[in-house]
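Here is what each chain is made of, one letter per residue.
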Amino acid sequence: MSSENDKDGQPETTESHGDEKPLSKDEAKKFYEEKGIDFSPDAPINPRPVPEFEKSISDKISSKFGPKITVDYVRAHRIRVSTKKEDILSVAQFIRDELGYDHAESVAGVDYPDSKEIEVVYHLGSYTDEKLASQVLALATRVPREEIPNPGKDSSRMTSLREVFYSVEFHERECFEMFGVFFEGHPDNRRLLLPEDWADIPPFRKDFKIKGR
Amino acid sequence: MTTQLPPGISLEKVDDRIMTLNVGPQHPGSGHMRLIIKVDGDYIVSCDPDPGYVHRGEEKMAEYRNYIQNIPHLERPVIHDSSNILYPYCLAVEDLLGIEVPERAKYIRVIAAELNRCIYTLYWLAIYGIFLGHSTMFMWPAGDRELFIDLLEAMSGARVTHAYLVPGGIRNDLPANFEERCLRQVNYFEKRIKEYEAIFYQNPILKSRTEGTGILSRTDAIRLGTTGSVLRASGIDFDIRKKEPYDVYENLDFETVVMKEGDSYARSYVPYLEMFESCRIIRDALSKMPKSGSVRTKLKPNPKGGNEEVFKRVESGRGALGYYIVSNNRPEPYRVKISVGSFRNLICMPYLLKGELLGNMPSVYWSLNYWPVEADR
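Listed in order, the protein sequences are those of chains E and R.
Under my numbering, the first residue of the first sequence is numbered 1, with each subsequent residue one higher.
Under my numbering, the first residue of the second sequence is numbered 214, with each subsequent residue one higher.
Do not rely on the hints blindly, as some may be mistaken.
[What the hints assert, rightly or not] Here chain R is said to cover these stretches of chain E; the calculated rule only asks that three of the stretch's residues, wherever they fall, bring their Cβ under 8 Å from a Cβ of chain R:
no.	region
1	106-114
2	120-127
3	130-138
4	146-155
5	192-198
[As the list claims (entries may be wrong)] Simulated crosslink set (DSBU-like; lysine-lysine; CA at most 30 Å straight-line):
no.	chain 1	residue 1	chain 2	residue 2
6	E	K209	E	K116
7	E	K85	E	K35
8	R	K513	E	K25
9	R	K473	R	K319
10	E	K25	R	K511
11	E	K64	E	K35
12	E	K29	R	K511
13	R	K273	E	K30
14	E	K209	R	K319
15	E	K35	R	K517
16	E	K206	R	K513
17	R	K273	E	K85
18	E	K131	R	K511
19	E	K206	R	K273
20	E	K153	E	K211
21	E	K68	E	K131
22	E	K131	R	K567
[Unchecked claim] Residues from chain R that face chain E, not an exhaustive set, calculated with beta carbons under 7 Å:
no.	residue
23	G265
24	R269
25	N390
26	I435
27	R436
28	L437
29	G438
30	G448
31	F451
No lab work stands behind these hints, which were simulated from the structure alone.
Glycine included, every Cβ here is placed at the ideal spot set by N, Cα and C.
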């Protein structure tokens with residue numbers, strides 16, 4: 001194992017993958033302890049360091065809102081914050097006014113049929129603040145998911161962030177047609193990409209299957 | 214006399230002054246999308262963009278295929294910028310699977326991405342020229358594109374859909390004598406596109422049609438969340454290659470092109486000037502590239518992403534291009550969201566076209582660097 005020191009801490013390339021003899025359990029444990037890698041089974045697959053600047057931003061949000069929000073992860077250039085759908089407007093306003101994020105990169109829906117929820121993730125960025133230029137903040141919330149969707153009329157609804165971030169207008173329209181999440185306060189909740197005569201369930205839900213797959 | 218209408222169909226009262234025009238979705242003037250324009254005489258009263266004519270559900274398809282099978286179909290939205298649309302996907306999958314990319318592959322990826330950016334820009338410039346009635350500007354870029362298409366064909370084996378970038382590096386190494394050939398063609402290309410300046414950008418007719426039309430102010434550009442050349446033509450110095458450098462862009466010598474005017478002319482001039490920067494990047498990357506070494510890290514067969522998510526973005530020919538991938542310990546991604554520059558710039562259209570002359574519609578529309586197929590995904 002002393003030959004590892006010659007590589008200046010560079011991670012091993014998987015160039016010779018499959019050719020080496022696997023380490024025994026004790027050898028592997030020693031190997032990872034020498035490298036300072038967490039060997040416990042519940043450690044994440046790619047352990048990532050927590051950068052300071054990103055931590056300071058997430059600390060500002062947590063000190064303001066406390067238990068109302070959850071910081072899911074803080075990584076280099078990326079922060080993810082989840083909140084309840086009732087609080088998302090105030091959190092978004094804080095993020096815009098106090099932290100300096102000024103536009104939305106994307107609004108993504110993610111369908112979770114097992115927990116009967118649809119997650120809506122806003123990726124926010126900043127053009128005005130030089131320090132935040134490399135940062136993307138993900139603001140996530142979950143709305144209830146109906147077994148039989150009825151877009152616009154069922155309980156899958158949340159407050160639109162268009163008042164706060166003007167740029168979400170078309171992204172929210174896409175999320176509405178693809179997942180059936182209705183955005184209250186959005187001035188123009190029409191379909192965008194789907195044809196006008198689309199008469200099926202919102203297609204990006206997991207229960208919409210592609211034919212032949 | 215009242216006629217019995219079939220159910221589901223209603224008649225709309227037509228204003229005798231305002232006329233509604235459908236521009237598209239099959240008319241080549243709009244690309245494959247529809248603009249519902251209301252005109253009062255020659256002036257546009259309102260514009261309602263209606264994308265989706267070429268919506269293919271790339272994001273849904275990606276949920277059914279594993280990380281390697283997804284490569285060829287994810288480049289379909291922009292076939293002439295295929296390296297740039299695969300770039301963030303590769304970065305995201307490498308992050309998910311914890312793969313290190315060899316140094317030489319990083320440089321070759323940058324070269325492929327910059328060649329592709331030039332190919333895309335020339336294609337767009339050709340269409341911009343023909344829709345302003347300048348047919349020479351259609352022929353020249355369409356011909357000069359072939360130079361770089363040939364280079365990428367030598368690299369990857371395919372003319373337009375390269376699928377050259379893969380998670381872990383690139384598909385295959387460069388052919389023999391590629392460096393000399395690339396350098397020679399880049400030098401010629403740079404000399405050649407300087408001629409566009411005199412025939413197109415200094416043309417008084419073009420200037421009269423584009424200068425001062427469709428002005429997007431700096432504040433509006435930020436508020437509407439525009440990206441790419443639209444943003445930089447409105448005076449905001451933002452390029453992801455500079456602000457959040459990926460692969461080896463931080464080692465390379467280039468500058469961001471920024472203009473203040475925010476009109477159609479500036480929006481069409483910025484991508485042109487960026488081609489010179491692309492040439493600089495390619496030359497610099499060729500000189501700094503390791504001359505030999507591995508170009509692809511082997512992946513495990515059918516690799517599984519962990520239980521996590523990743524958002525990666527790059528600067529494409531049309532602005533920021535981001536991939537948001539959610540993985541759940543399966544060989545297939547759980548959800549892929551592609552955030553594309555064209556879709557983000559779509560929101561400008563109602564703002565820029567309102568109050569504009571109908572005749573200025575093509576110059577404003579195409580200056581947005583909008584690619585309908587990419588916006589629809």
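Hint check:
1. 106-114: Answer holds; 4 residues pass the 8 Å Cβ test.
2. 120-127: holds (count 3)
3. 130-138: Per the Cβ count (4), the hint holds.
4. 146-155: It is violated, with 0 qualifying residues against the three required.
5. 192-198: holds (count 4)
6. E:K209 x E:K116: Between K209 (chain E) and K116 (chain E) the Cα gap is close to 18 Å, so the pair holds against 30 Å.
7. E:K85 x E:K35: violated (42 Å)
8. R:K513 x E:K25: Roughly 21 Å separates the two Cα atoms, so the pair holds.
9. R:K473 x R:K319: violated (33 Å)
10. E:K25 x R:K511: Roughly 25 Å separates the two Cα atoms, so the pair holds.
11. E:K64 x E:K35: Violated: K64 (chain E) and K35 (chain E) sit about 38 Å apart, past 30 Å.
12. E:K29 x R:K511: holds (25 Å)
13. R:K273 x E:K30: violated (44 Å)
14. E:K209 x R:K319: Cα-Cα ~37 Å, so violated.
15. E:K35 x R:K517: Roughly 24 Å between the alpha carbons, so the hint for K35 (chain E) and K517 (chain R) holds.
16. E:K206 x R:K513: holds (28 Å)
17. R:K273 x E:K85: Between K273 (chain R) and K85 (chain E) the Cα gap is close to 25 Å, so the pair holds against 30 Å.
18. E:K131 x R:K511: violated (36 Å)
19. E:K206 x R:K273: holds (9 Å)
20. E:K153 x E:K211: With Cα atoms ~28 Å apart, K153 (chain E) and K211 (chain E) stay inside 30 Å; holds.
21. E:K68 x E:K131: holds (26 Å)
22. E:K131 x R:K567: violated (35 Å)
23. G265: Given a least distance of 4 Å, the restraint on G265 (chain R) holds.
24. R269: Nearest chain E Cβ about 10 Å off; hint violated.
25. N390: Hint violated; N390 (chain R) Cβ to chain E Cβ min 26 Å, cut 7 Å.
26. I435: Result: holds, 5 Å to nearest chain E Cβ.
27. R436: Holds, because the Cβ-Cβ distance from R436 (chain R) to chain E comes to roughly 5 Å (cut-off 7 Å).
28. L437: holds (5 Å)
29. G438: holds (3 Å)
30. G448: violated (11 Å)
31. F451: holds (5 Å)
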